[in-house]
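K.L.:
Below are the chains, spelled out letter by letter.
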Amino acid sequence: MIPELGHFALWLAAAAALLQAVGVTIGLWRNDEGLMRLAVPSALVQALMTVAAFGALTWAFVVSDFSVKLVATNSHSMKPDMYLWTGVWANHEGSLLLWVLVMALSGAMVALAPATLGPRFRDRVLSVQAMVALGFFAFLLIASNPFERLVPAPTEGQGLNPLLQDPGLAFHPPLLYIGYVGLSVAFAFAVAGMLEDKVGPAWAKATRPWVAGAWAFLTMGIALGSFWAYYELGWGGWWFWDPVENAALMPWLAGTALLHSIAVVMKRDALRAWTLLLAVAAFSLSMMGTFIVRSGLLTSVHAFAVDPTRGLFLMGLMALYIGGALTIYALAAGRVAEGRQFALVSRESALVANNLFMSAMLGVVLVGTLYPMALEASGGAQISVGPPYFNRTVLPMLLVAAILMAVAPFLGWRKSATGHLASRLLPAGIAAAAVVVIAVWPLGVREIGSLLGFGAAAWLGVASLSILVKRGLTLNAAGMALAHFGVAVSILGATASGALQREALVTMRVGEAIEMGPWRAELMDVRPVAGSNWTAIEATLDVRRNGAPVAVLKPQSRVFVAPPQETTEAGRAGWRTGELYSVIGKPDGTGRWQVHFWVKPLVRLIWIGGLLMALGGVLALGGKVRAGARRRSAVAEGALPLPQAA
Amino acid sequence: MRALAVALLLLAGSPALAEPPPPPDVPLADAQLEAKAKALMGELRCLTCQNQSIADSNAGQAQAMRVEVRERIASGDSPDEVRAFFVERYGDWVSFVPPAREDTALLWAAPLLFLTVGALLVARRFRR
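Chains V and H, in that order, are what the protein sequence lines are.
Residue numbers for the first sequence follow the numbering used here, so the first one is 1 and each next one is one higher.
Residue numbers for the second sequence follow the numbering used here, so the first one is 1 and each next one is one higher.
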């Protein structure tokens with residue numbers, strides 16, 4: 001009964017979205033106040049009904065109602081309780097229901113937030129958002145009904161992929177979806193801005209919190225996903241340039257560019273058309289991400305179901321929205337002037353440079369991800385585009401961007417002086433030189449890419465810190481500096497964990513030890529252990545550094561009961577901000593075990609940096625509020641008045 | 001409890017019951033050669049997995065390929081020669097480094113293309 005109620009609620013939510021999309025649009029077109037006034041209540045009804053539908057599906061999972069097909073194919077009664085809850089979105093239908101849930105809730109937030117650009121603009125935003133939501137409701141109800149029954153009901157479910165039975169599942173998908181959907185609000189603001197001719201500083205000010213919020217969530221979602229892959233896949237890597245990762249990275253890059261260009265619209269009323277294009281692109285890429293992940297074009301852990309009709313449906317939806325938005329853009333672009341001018345050396349130019357690099361990186365990731373498919377589809381060779389390609393193309397651009405990022409906050413708007421730069425950036429320069437020297441000796445790093453990474457991290461880190469320690473910063477400026485500092489921290493973690501990593505792969509008996517520089521890891525024991533739905537072989541490694549005990553690692557090789565599948569659980573422990581990481585492999589038949597042991601210095605900085613970036617995004621929501629009101633913002637001091645003739 | 005018993009059985013019985021296990025990974029004695037081999041393993045694709053390199057895979061075939069890589073590197077082949085051997089046997093698909101050919105020209109030109117077009121657009125704006 002409850003699944004049917006959920007299904008009914010989903011139809012009601014779709015009906016509310018239909019009213020909100022079509023009714024309100026007609027009202028706006030005819031200037032019919034009565035129809036326009038439907039926007040807010042229908043957004044609220046849509047949200048309420050979607051919550052009800054999501055609740056019903058959650059109920060079916062929690063009580064293990066195997067008469068619901070989705071529960072039967074993706075759940076199991078022996079699954080730990082936590083995964084009964086999070087398992088709701090660990091499948092195609094459930095994750096789409098989560099998507100519309102987040103979308104409906106963000107619609108309700110738009111409806112309830114103060115309408116700073118007037119009620120008409122708010123209603124327009126809601127109608128655009130409902131049109132997008134409507135497509136996803138249609139997709140759910142027609143091609144991916146999560147409430148479909150199974151007759152007769154099986155007595156047991158088929159279980160959840162063991163790789164997904166992890167606390168990461170509770171946070172990673174919702175965070176990513178909040179990010180994606182937050183970008184849909186920016187998209188709705190952009191389309192509404194074009195339709196209502198409102199694009200300008202006030203529009204930018206109203207849109208920016210949505211972009212900053214979405215960006216912060218997306219950043220957290222990606223950082224968490226990376227951490228999850230790192231500890232769960234058992235190979236110590238944290239970014240694989242997998243198409244699915246790229247699908248999340250692309251909207252992030254577009255969102256990063258958008259966050260920077262919208263600041264130019266807000267402060268200087270320039271770059272309007274470009275900013276609109278970015279807002280359209282950011283959400284289009286979010287949809288494309290969902291499309292290439294869900295359609296089965298790419299098979300991976302994330303492609304829960306491979307079904308061509310669903311792929312076609314999603315492709316149609318995407319073509320409709322992107323095509324529609326670009327048509328509106330083409331029609332409106334003539335009316336949206338580029339806005340005011342600025343000099344070559346100015347804050348605006350620095351932000352344009354950011355956009356140039358973000359867009360180029362985005363373009364390269366897009367081409368690299370789609371190229372093999374396009375080549376094969378056109379009858380060409382089957383090739384792989386993997387980490388070597390992306391590292392060689394994207395990392396140099398990232399390095400240059402990081403170097404510029406350190407300078408940009410010290411430039412003034414419109415036309416900047418440059419005399420103050422040398423003294424302001426002196427500490428950063430000294431730090432960069434010092435870190436590179438330390439890396440060469442005593443650490444013995446010789447690889448040029450790693451040295452550049454260390455140098456860039458120190459340069460950007462110190463330059464950003466020197467902004468942060470100033471008093472009287474606006475929250476906006478503090479958020480910016482913190483996010484930039486986070487980038488530096490991540491670069492340091494990524495560089496150091498690669499360049500300074502130590503690794504040993506040894507076949508050993510209990511009682512033997514791995515010796516690696518100051519490190520010694522002794523295999524104390526190998527024994528069977530069991531969890532609620534798995535059994536495992538667990539090794540115990542006693543790790544010492546210069547004779548002093550540091551940690552005891554317990555890597556496992558697990559066999560899950562339902563579905564029957566082997567996984568490796570890495571044995572990990574923190575050491576300073578780095579990690580000790582171990583994996584137990586197969587026995588060789590003579591009582592010896594294969595043990596893989598890594599020491600990864602500073603590796604946690606990668607994700608700590610991600611969190612700092614997200615925190616910076618959240619701080620920036622505070623806008624012009626000053627952290628401690630004393631002095632003028634240090635960042636704006638470089639501004640010079642433009643000559644009158646300009 | 002039953003699960004524990006099953007695990008014990010697995011632990012005790014697996015070496016005897018299963019087929020002879022594939023030869024475990026043995027790193028090369030020469031650290032420099034091993035580093036070369038490892039770098040190459042990260043750039044070869046595991047053919048039976050989903051988008052994993054043979055360095056990152058538990059699959060039997062990946063392990064066999066790792067053994068092959070180490071043998072060839074130890075016998076004095078350069079990483080490029082070893083890569084060429086695998087490409088000849090399994091096709092371009094096995095290498096994560098896309099080939100540099102006519103049909104991949106656009107792929108390799110992409111970074112410069114995007115930067116140039118972007119820079120031209122920016123330059124046009126400043127000239128106005």
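Keep in mind that the hints were calculated from the coordinates and are not lab data.
Treat the hints with care, as some may be off.
Unchecked claim - Simulated coverage check for chain V against chain H, where a stretch passes if three residues somewhere in it have a Cβ under 8 Å from a Cβ of chain H: (1) 239-251; (2) 362-369; (3) 381-387.
Each residue gets a CB set at the ideal place from its N, CA and C atoms; glycine is no exception.
K.L.:
It remains to establish, for every hint, whether it holds in the given structure.
P.N.:
Hint by hint, here is what the structure shows:
1. Counting residues of the region 239-251 of chain V whose CB falls under 8 Å from any CB of chain H gives 3; the rule of at least 3 is met.
2. Note: the region 362-369 of chain V has 4 residues with beta-carbon separation from chain H under 8 Å; the three-residue rule is met and the coverage holds.
3. Evaluation of the coverage hint for the region 381-387 of chain V: fulfilled, as 7 residues show C-beta separations to chain H shorter than 8 Å, against a requirement of three.
Consistency note: the structure conflicts with none of the earlier hints.
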